[in-house]
Structures are given as C-alpha cells and as structure tokens.
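Given chain A, put chain B in place with the hints provided.
So the sequences go chain by chain: A and B.
Quick note: the first sequence uses the working numbering, first residue 1, plus one each step.
Quick note: the second sequence uses the working numbering, first residue 1, plus one each step.
For the record, the hints were derived by calculation from the structure and aren't laboratory data.
Misleading hints may appear alongside valid ones.
Below, in silico cross-link-like pairs of lysine-lysine (BS3-like), each with a Cα-Cα straight-line distance of 30 Å or less [as the list claims (entries may be wrong)]:
1) B:K196 <-> A:K115
2) B:K196 <-> A:K109
3) B:K206 <-> A:K109
4) B:K206 <-> A:K56
5) B:K196 <-> A:K113
6) B:K236 <-> A:K200
7) B:K206 <-> A:K113
8) B:K236 <-> A:K115
9) B:K196 <-> A:K156
10) A:K45 <-> B:K236
11) A:K56 <-> B:K236
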Amino acid sequence: MSSLNEVEIANPQHPHCATLLLLDTSGSMEGDKIRQLNEGLNFFKEDILQDDLARKRVDLAIITFGEGVNVVQNFSSVEDVPDMQLTAEGLTPMGYALSTAMDLIEQRKNEYKIKGVDYYRPWLFMITDGEPTDMKPGDPKWNSVVSRIHEGESSKKFLFFTVGVEPANMQILKELSPQERQPLKLKKDRFREMFSWLSKSTRRTSASKVGDIVPLDNPTGPEGWGEIETA
Amino acid sequence: MSIAPPYIFGASVTGSLHIQGGLPCQDAYLYELVSDDLGVIAVADGLGSVPLSDLGSRLSVEAAVDAAKSLLLHTSRDGIDLSEIPMKMMQAARESLDETALREGFQLNDMATTLIAVLFGKDCIYTAQIGDGAVVARVDGSLMLLSGPLNSEYANEVTPITCSSWQADLSSAEARSGAEFLAVFTDGCQRASLLKTSEGYEPFEKFFQPVFSFAAEIDDIEKGEQELKEFLASDKISEYSEDDKTLVLAVLHGQSDERTDSL
Chain A
1 MSSLNEVEIA
11 NPQHPHCATL
21 LLLDTSGSME
31 GDKIRQLNEG
41 LNFFKEDILQ
51 DDLARKRVDL
61 AIITFGEGVN
71 VVQNFSSVED
81 VPDMQLTAEG
91 LTPMGYALST
101 AMDLIEQRKN
111 EYKIKGVDYY
121 RPWLFMITDG
131 EPTDMKPGDP
141 KWNSVVSRIH
151 EGESSKKFLF
161 FTVGVEPANM
171 QILKELSPQE
181 RQPLKLKKDR
191 FREMFSWLSK
201 STRRTSASKV
211 GDIVPLDNPT
221 GPEGWGEIET
231 A
Chain B
1 MSIAPPYIFG
11 ASVTGSLHIQ
21 GGLPCQDAYL
31 YELVSDDLGV
41 IAVADGLGSV
51 PLSDLGSRLS
61 VEAAVDAAKS
71 LLLHTSRDGI
81 DLSEIPMKMM
91 QAARESLDET
101 ALREGFQLND
111 MATTLIAVLF
121 GKDCIYTAQI
131 GDGAVVARVD
141 GSLMLLSGPL
151 NSEYANEVTP
161 ITCSSWQADL
171 SSAEARSGAE
181 FLAVFTDGCQ
191 RASLLKTSEG
201 YEPFEKFFQP
211 VFSFAAEIDD
221 IEKGEQELKE
231 FLASDKISEY
241 SEDDKTLVLA
251 VLHGQSDERT
261 DSL
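Just chain A, same shape as in the assembly:
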C-alpha cells in the first residue's frame, strides 16, 4: 500500500466568496418594484444553488434599508438563506445602511482570516430607487461614508456596485460610487436580468483560480439590464 494513501489535506475547505446585497425597501419601492426585487432575489438564490462550485463558495448577506436598517440575513451559505418576502416602507437611511454593510464585510473577512479560509474580494451590491434621507453631500456623515467607500474600493477591501432604479437620484449615486465603477441605471422591469447577471458574475468569480482577472458580461450592452447615465 502506497504511503500516498495516508496523506491528509491541510485546508479541507473551499475559498469563500462573500456577496452582500444592500437593498432599498423604502416606501417608494412599494408595488411592482418590491415584487420584482423579491422575485429577482429568490431567482438569484436558486441560480447560485444550481452551480456546484458556487453553492459551496458563495456566502450571502442581505441588508435592507427603509423602516430602519435591518440585517435580514447575516453571511451564510446560500442554502441556508430562506426565501425572502421583503416589504416596502419607511425612509431611505442609506448612509447608516452603507456603514453597516461595510462593517459586516470587515467582520466576515476577519472570521475568514481567523479560520485560515481563503477568500475572494467581497462584493457590496446596492440597489436603490431614491437618495439618502439620513445624510446629504457635504455633511460629516456623508463625507465619512463616501470616503470609506472610495478608500475601501481603492485599497481593494471590496468591490462596490450600485444600481439605481427609477426615479433614483443618479447624481448622488455617482458621487457615492468610486470613480472606477460608475452606478448603473436599471432598465424598466429588468430586475430578473440584473440578478441573473449578478449570479453569473458571482459564479464566475467563485470559480476563478489564483491569478485570474474575472471577465464580467457588460450589463450596458443592447441586451443588458442597465445603462450609464451620461448627463
């Protein structure tokens, strides 16, 4: 019998891919938008679960902001995330929501480090149809949130994506976003396409090997779900 049969594995675990969805559930999302958001979210989950590798690697967290900021799902494997039925009410405490999201990502990365788990650069994916009601450009909270996003992006702490749903204030989202990645505007009724893109991108990232630059499909192509506001 060869000695090779006795080999044990140093890290019997997959590298993790943390994805945080930061979702606007303010009153203005009421109706079709919240319905499509829920459908898209559940589709996203199912799509990840179809992928053998992504199912083992993607950690999903969901934070909503509307009637307060709620961590409706802390980071966990997608299998353990229940079906979501989010409801729309309240204002848009986006500043506090963003801080909470960045805290949660830091915390998750620390857990990975302590456990010696390899991980990919986390994604922070925000969807909103409005503008923050708890901060405005130039005030101290705004400055602190924006500089934390920009610093986090440039020092590669996470990847920050923002999607504006009509009638989102795209100018405000542009100021929040890092220069490298401008906000996208969701075309009407394209929630499902957006979540399909997100799932595909997440699956590609979670299957990438060391050294890979992961090519993402262009969401702003003619068949895409988003557009860039050039105004």
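Relative to the frame of chain A, chain B by itself:
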C-alpha cells in the same frame, strides 16, 4: 529496491474546471539531474485568464532549465556561483517569452505565467520564485517552507513573470545543507499542503510526511510519476482545488546514513 539518491520525479494533472471548459493543462514542469550531485527544477503555472498561458508556462520551464544546464555544463565549477543560477533561470525564461512575443506578434501578457526555479547541490538549495506555488524541503527531519506565495489577501491575485514590475515581486531563498527531500509545486496543491497561519504559510506535516515517504520508496521513476499523477487527480486532492496541479519531488543526498539518528 529503491533508487539511489539524488533523483527527481514529478507529475502534472489538468484541473476539473479546465477539463470542463476544454482547456489544456496550463501548468508545466521540467527537471534535470545535471550531474550526480546537481539538479535543477522549474515549475510554472500559466494564468487561466490569458489565452496562451499553456505556451507561456512551457516556454518558461524550458528556457529556465536550458539556461541552468548550459551554465553548469559550460562553466568550470570554480568560475560559477551556484546561488545565482535560479535568478538566471528566471531571467532566461522572461527573455524567452519576450523573444517569442516579438517573433510571433503575441502580446507578452497573453503568455502570463508564474515560475519557480530551483537548483540543488550536495550541500545547498537555491530557489527563485515569481507568483504563487511553493518549495518545501525536509532538512534534518524538519519541514521548511523555502519559498512560498507572497501574502496576497485574496484568492485570485498574483504577479506573473510577464508583468512589467515582476522583478519587484521576485523572491529567492537558500538552504545550506542536510536537506533530505524537496517538493516544488503549483498553487493547485497549495490548499492541500500548506497551512495558512497568522504568520503566513506553513508546510503541513500530515501532507508531506507521507508524500516524502512515498518519494523515498519508489523503485522506478516512470512508475513513481504514474502513481503521483493518479494521486494528484484523486478526489482527495481535487475536492478543494479544481485548478491544474503540479508536484515535483526530489530525494537528495542529505538522506544519508549519518542522518538517520535525526529521523
């Protein structure tokens, strides 16, 4: 009847993701026992995201081993500093890629690859490395990580030899004497063989102890390579890495009678 050291053998297998995607194995390795006390090993891992990385890794190991051989065979022993050879192997690999890019009209970065170059002699080991993968030795009974991946936070970031600033990330190491075994491998084997601690990577005893025992036991290079290949392709090793995997093993002089007391 086992083989008298020193000897080298190795294997590469294509990762499951590459098989699924119809991609070739982008790892390459080459070794040569230049004399009865000098050996060279080169191991390269072509980056999955570029189109010609299988060519890049193959050209790199060929150029590296050729450079070492011609230096060792055409220079008198007194006129040569062995410690410089791995760095010269790296240079030769990069030059070969530069030349190929120019000649064929390829983009240099389309051949992006990592490279590890190792030279061992009777009482020395020298290494040079760009990108990930690692070199582990057993010296006087203890495991040593001679050369390993730079500490990058994320699982998918690495500097290849084709990067314009590659020399900034180039590392080298040496071990003096008493080495009994050497393992040189690409990142596809990393999760199985290295523990990640807060101080960095550390060789995993329960991986290397059986692997080195196996290396000492083989009685035929070809059969040894076949068995190593089956091992790398086994479910146990591929469960946590769908990447290509290369492992080259060397059994060295250090494993002599006078050292058995430390085993």
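State the violated hints by number, sorted upward, taking the hints as numbered earlier in the document. none
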